[in-house]
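There are 2 protein chains.
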Amino acid sequence: MTTPDPKPTADPAAEGVGLVETRSVQLFARDDPLRLAGGARLDEVDVAYETYGHLNETADNAIYICHALTGDAHAAGLHVGEARPGWWDNLIGPGRAIDTDRWFVVSSNLLGGCQGTTGPSSTNPETGEPFGLDFPLLDMSDFVTVHRRLGEHLGVRHWHAVVGGSLGGMQVLEWELTHPEDMDRAVLIASSSRLTAQNIAFSAVGRQAIMRDENFQNGRFVDERTPDVGLSIARMMAHITYMSEDAFTEKFGRSHQYGAPSRGFGIDFAVESYLDHQGETFLTRFDALSYLYLTRVMDYFDPFSRPDALARLQQSPVSNLIISFDTDWRFSTAQSRRIMRTLESARIPVTFREIQSPWGHDSFLLPIEPYHATIRAFLEYDGGGQATHE
Amino acid sequence: MTTPDPKPTADPAAEGVGLVETRSVQLFARDDPLRLAGGARLDEVDVAYETYGHLNETADNAIYICHALTGDAHAAGLHVGEARPGWWDNLIGPGRAIDTDRWFVVSSNLLGGCQGTTGPSSTNPETGEPFGLDFPLLDMSDFVTVHRRLGEHLGVRHWHAVVGGSLGGMQVLEWELTHPEDMDRAVLIASSSRLTAQNIAFSAVGRQAIMRDENFQNGRFVDERTPDVGLSIARMMAHITYMSEDAFTEKFGRSHQYGAPSRGFGIDFAVESYLDHQGETFLTRFDALSYLYLTRVMDYFDPFSRPDALARLQQSPVSNLIISFDTDWRFSTAQSRRIMRTLESARIPVTFREIQSPWGHDSFLLPIEPYHATIRAFLEYDGGGQATHE
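In order, the protein sequence lines correspond to chains Z and E. 75 is the number of the first residue of the first sequence in the working numbering; add one for each residue after it. 75 is the number of the first residue of the second sequence in the working numbering; add one for each residue after it.
One should not assume that every hint holds.
Stretch-level coverage of chain Z by chain E, calculated; a stretch enters the list once three of its residues show a Cβ under 8 Å from a Cβ in chain E [to be verified]:
hint: 1; region: 92-101
hint: 2; region: 326-334
hint: 3; region: 429-437
With the Cβ distance kept under 8 Å, some of the chain Z side facing chain E (calculated, not the full set) [claimed, not checked]:
hint: 4; residue: Met-285
hint: 5; residue: Ile-307
hint: 6; residue: Arg-380
Footprint (simulated), chain Z over chain E, 3 or more residues, beta carbon under 8 Å [as the list claims (entries may be wrong)]:
hint: 7; region: 235-248
hint: 8; region: 279-292
hint: 9; region: 425-436
Everything labelled a hint here was simulated from the structure, so no lab data went into it. Note that CB positions come from ideal geometry on N, CA and C, so glycine has one too.
All chains, please: the whole structure from these sequences, using the hints.
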C-alpha cells in the first residue's frame, strides 16, 4: 500500500463551511403523530439537523445526506469551541465534491438515534421516563418518512440528490424505491441491499455484549448506570470490521504502545491501545439503546424481496451512482454489485465504481481523490447519456 | 460452493479408536519444577493426555498432536457415556489419515489449559487457592517443554511427526526450531508464525470482554461466579472469524430460527441462534483465565524474529508439511506462505498445499479428502526426494 494515511485538512474552519449549529425541529406531534411501518405511533418526534449552503429560489439545488450507524447531523463545518469538523467535512464544503457554493445540503440525525433526534433514550411523553425498550422497533422506511418531513419543513419537496454511505446508503435505496419522484439522483456508497449472515453475526454479538451487560437491566438504566462495558466491546469489535486487514497491518503492525513489550494482559500492542480508545470515546457520543435499534433495522432490511419492489422506481427512474471500495469486507463490492444488477435488471440507470483504497469499509469517510471526483462529476452531470461501469 | 456439509462418521466407536480415557500424570514436582521461559517456576504440573495405537519396540512410530486454542487431550475415540468423539476423530484412527494401526499417537492438554492440565484455575500449592492472575505468563516454548517431558514419560524421545492446527501449528513450529532433533516431520495446518494486527485485535477484544465482566474481579472469582458473559461474548466473536463469509451464507443465509421473523432483540435469525449456542456450550468446557493466557501466548509468538532462529533447524533439518485453506481469513494462506518462504530460505524441506475448502479456518477440523490424503501421504512417505508446492 502506498496511499498515505488520510489526514483532515489543516484548518477546516478556514476552508470548509465554517461555523455551524445543529438545529432542532419537532416534525411530528400528538395531533399529527408519526405512524411507523410496524404499526406503532410516536406522538412527538424531534429531529436534529444541519444545513450548509443556500436553497435557491426554485428549490432545486438540495442534497440530502443520510448518515451511517454511528453518525449524526453534524456532517460538515465546525461547532463553536470544537476543533474537530463534521464527519463528512472532507466531502462537503465550498469547492468540495459536494460543493456548498452550488448545493444546499441537509443532514439530519436518524430517528432512533441519540444525537438530538427522538430515540429510545428520549423521554416517553406518556410516562415522563425514557422509552427504553418500550420504544417501538423501527424500519428503514421510518427513517425515510422522517427525512421527507424534514424536507417539507425546509421547503424542499424534490432533491437534486440523496447521498449516503453504509446504513446511509440503505436509506437512500429505501427512499428511491418507495418515493422515486422525490429525487433526481441517488448515491449509495459502501452499502448493501441485504446483510449477509456474517454481517448479522457481527451485529448480533455486539448487541449481546450490550444486553448481557450487568447495567443493561432490560433497557431501564438505573441511576445513570449505563451498559458501558457492553457498548464499548460492541464498538471495538465492529471497528475491526470497518478496517481492512492490510490497514491494520500498515497502521499498527506488531508495534508496542510503550516501545518495549510490557507482557501482561493490559494494553501492550499499539492496536490494543487504538481499540481501547475507540471503545472509550464511543461512550461519550453514543447510546446503547440506539445501537440496538439501528443495527436491528439494518438486519431486517431486504427491500428487493418485496413484491413489485422496483415498480415505482421503474415509473420514475432515478439516476444511481453506486460506489464500493475494493478492500471493504464488511459491505463488500459484491454487495454493491447486487444492488447494481438488480436496478439494471429493471432498466434503472446505474453508474458503478469500485474505488481502490487500502482502508476497508471506513474508506467512505476518507478523502480519496477518485472517490470524491466521482461523486462530484455525478452530481454535476446534467442528465441523459449512458450509465457506466468500472 | 458444492462441498456438502461435513458430517462426523455415522458410528465413530465402531470405526475409530473405540473407547478411550484421558489419563493424568504429574510431570513436574517441587523437587523438579517447571522453569518457564519468562523466569517463573511451577512447582507442580499435571498433564492430561490420551494415546491411541501402540508404540513399537524401536519407539520410532510416535506422532504428537498439538491442539488449538480451545482443544483438549481428547482428540480421538469415545469417552464412556459420551456420544461425541474426540475433536480430531475424523483424522485419527485405524485406517484414517493418521493411522493408529501404524502410528502411536499422543495428544495432551496444553499447559495453561483447563481440561486436566495445570493452568490458571488450578490450585496454587503455595496458597491452596486457585492461581488466578498469579499464574505466570506463558511462552510457546513452555508448551514444548511440557510436551517433551510427556514424551520422556511415555518412552518417546524421537517423533515420527509432530502435528498441529492453528495454535497447534505454532507449537509445532516452536518445537522444530528449538529441538529439531526430536522429530522427522512437522505438520503445520492453518497456522501462523506471527499474528497480524487484526489477529491480535480480535483476541484483544475477546480478552477485554472477559476482563471487564463484572464477575472477573481481577481473576479472583467469588463464590463460583465466573465471567460467563465475557467468555461467551469472546467465543461468539471468535467463532465468526473461524468460518468464511460464504460458509455463514451457505449454512444460515437470512433464514429465521423459528420460521417467521419474530422482530425484536431476541434470537430471530438462525445465525443468532447458532452463535448463542456456541457461546453457551463453550462455558461448559472452557475457562476464562485459560482463554486469557493461551491467546496471549499467541499474540507474542514471533519465533523468526529471534537471532539465529533457524540455526538449529538447519543443522538438523525436519521435513515440513504446511497446509492452508483458501477461505481461511483468520490464519490465511499468506501466513502459511510466510512460514514456507522462511523455512525454504534456510533450505529446510517444505511441502506446501493450499487446500480448497469453503469453510474457512475451521476447515482444519473437517474431513476434507484432499487435506487428509495429503497428511497421510506425508506421514507415510519414506524420506528423501523433492519437496513440492501446490
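For each hint, the structure was consulted:
no.	hint	verdict
1	92-101	violated (count 0)
2	326-334	holds (count 3)
3	429-437	violated (count 0)
4	Met-285	7 Å, holds
5	Ile-307	5 Å, holds
6	Arg-380	14 Å, violated
7	235-248	violated (count 0)
8	279-292	holds (count 8)
9	425-436	violated (count 0)
Checked against the numbered hints above, the structure breaks hints 1, 3, 6, 7, 9 and satisfies the rest.
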